[in-house]
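K.L.:
Note that the working numbering gives residue 87 to position 87 of the sequence shown, counting from 1, and the numbers run on in steps of one.
Keep in mind that the hints are not guaranteed to be accurate.
What the hints assert, rightly or not - With beta-carbon atoms standing in for the labels, derived distance ranges: (1) Leu43 <-> Ala107: 18 to 28 Å; (2) Val141 <-> Lys25: 19 to 29 Å; (3) Tyr157 <-> Gly114: 31 to 41 Å.
Said to hold, decoys possible - As a list, the in silico DSSO-like pairs of lysine-lysine whose alpha-carbon atoms are at most 30 Å apart: (4) Lys30 <-> Lys18; (5) Lys37 <-> Lys18; (6) Lys18 <-> Lys28; (7) Lys37 <-> Lys25; (8) Lys26 <-> Lys37.
Treat the hints as calculated values from the structure; they're not laboratory data. Backbone N, C-alpha and C fix where the C-beta goes; we use that ideal spot for every residue, glycine too.
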Amino acid sequence: HSIEFCQFDLNFSYDSYKTDHFWNKKGKRKSTFNEFKFREYDLYVDGYLSTVDCFSVNGSYIQIEEELNGNARGFSDSELTWTHFFYLSGPHTFATQITAIIPSGSAIHNLRYGEFGGQLDLLYSTYHRLFDQMFFFDSIVGYRMYRGFPSDQIRAYVSLGSYIVPNICKNL
Numbered sequence: 001h002s003i004e005f006c007q008f009d010l011n012f013s014y015d016s017y018k019t020d021h022f023w024n025k026k027g028k029r030k031s032t033f034n035e036f037k038f039r040e041y042d043l044y045v046d047g048y049l050s051t052v053d054c055f056s057v058n059g060s061y062i063q064i065e066e067e068l069n070g071n072a073r074g075f076s077d078s079e080l081t082w083t084h085f086f087y088l089s090g091p092h093t094f095a096t097q098i099t100a101i102i103p104s105g106s107a108i109h110n111l112r113y114g115e116f117g118g119q120l121d122l123l124y125s126t127y128h129r130l131f132d133q134m135f136f137f138d139s140i141v142g143y144r145m146y147r148g149f150p151s152d153q154i155r156a157y158v159s160l161g162s163y164i165v166p167n168i169c170k171n172l
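Taking the hints into account, I'd like the entire structure generated from these sequences.
P.N.:
Printed below as a string of structure tokens:
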């Protein structure tokens with residue numbers, strides 16, 4: 001969404017969730033008997049190599065509170081990503097993405113795996129202006145694999161958001 005403004009973007013995000021339940025295959029809510037709280041502070045840099053290629057470097061600090069396995073704090077595994085936009089039309093974007101997962105240290109339960117890995121993704125993104133404020137929708141579906149534990153994973157993400165700080169690079 002910000003390709004036309006900058007060669008580099010510095011981004012920060014915060015994620016938080018907690019759970020103490022799950023739904024079984026019959027759709028019934030069940031207790032996990034283990035309350036889990038997760039907070040992530042994510043810092044990443046996006047660099048635009050051209051109008052269709054960019055890279056990002058991502059690092060996170062995570063705090064986890066879990067009744068059964070105890071608490072954990074520290075840095076997650078870092079990610080280096082190359083993205084190629086193959087469809088750009090107005091506010092709509094489709095892209096492919098390749099990510100290298102680089103361990104930041106040994107494994108810590110629920111915090112990081114401590115293994116090299118990779119991920120292949122297909123992305124769709126769009127943005128719209130409403131009441132002089134820019135909003136975005138991002139979705140990703142992908143396949144993640146690691147050198148060892150854990151097993152391979154199919155992943156999907158959806159993000160809705162707004163740019164609450166004006167783009168400082170617009171006038172540079």
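K.L.:
Now, for every hint given, state plainly whether the structure supports it.
P.N.:
Now for the hints, and whether the structure bears them out:
1. The hinted range of 18 to 28 Å is satisfied by Leu43 and Ala107, whose Cβ atoms lie roughly 22 Å apart.
2. Here the CB-CB span from Val141 to Lys25 is close to 22 Å, well matched to the stated 19 to 29 Å.
3. Distance hint for Tyr157 and Gly114: a CB-CB separation of about 23 Å, inconsistent with the stated range 31 to 41 Å.
4. Pair hint Lys30 plus Lys18 holds up; C-alpha atoms about 15 Å apart against a cutoff of 30 Å.
5. This hinted pair checks out: Lys37 and Lys18 have alpha carbons roughly 4 Å apart, not beyond 30 Å.
6. This hinted pair checks out: Lys18 and Lys28 have alpha carbons roughly 19 Å apart, not beyond 30 Å.
7. A C-alpha spacing of about 24 Å is found between Lys37 and Lys25, which places the hinted pair at or below 30 Å, so the restraint holds.
8. Of the supplied pair hints, the one linking Lys26 and Lys37 holds, its CA atoms being roughly 25 Å apart against a limit of 30 Å.
Going down the numbered hints, you'll see the structure goes against just number 3.
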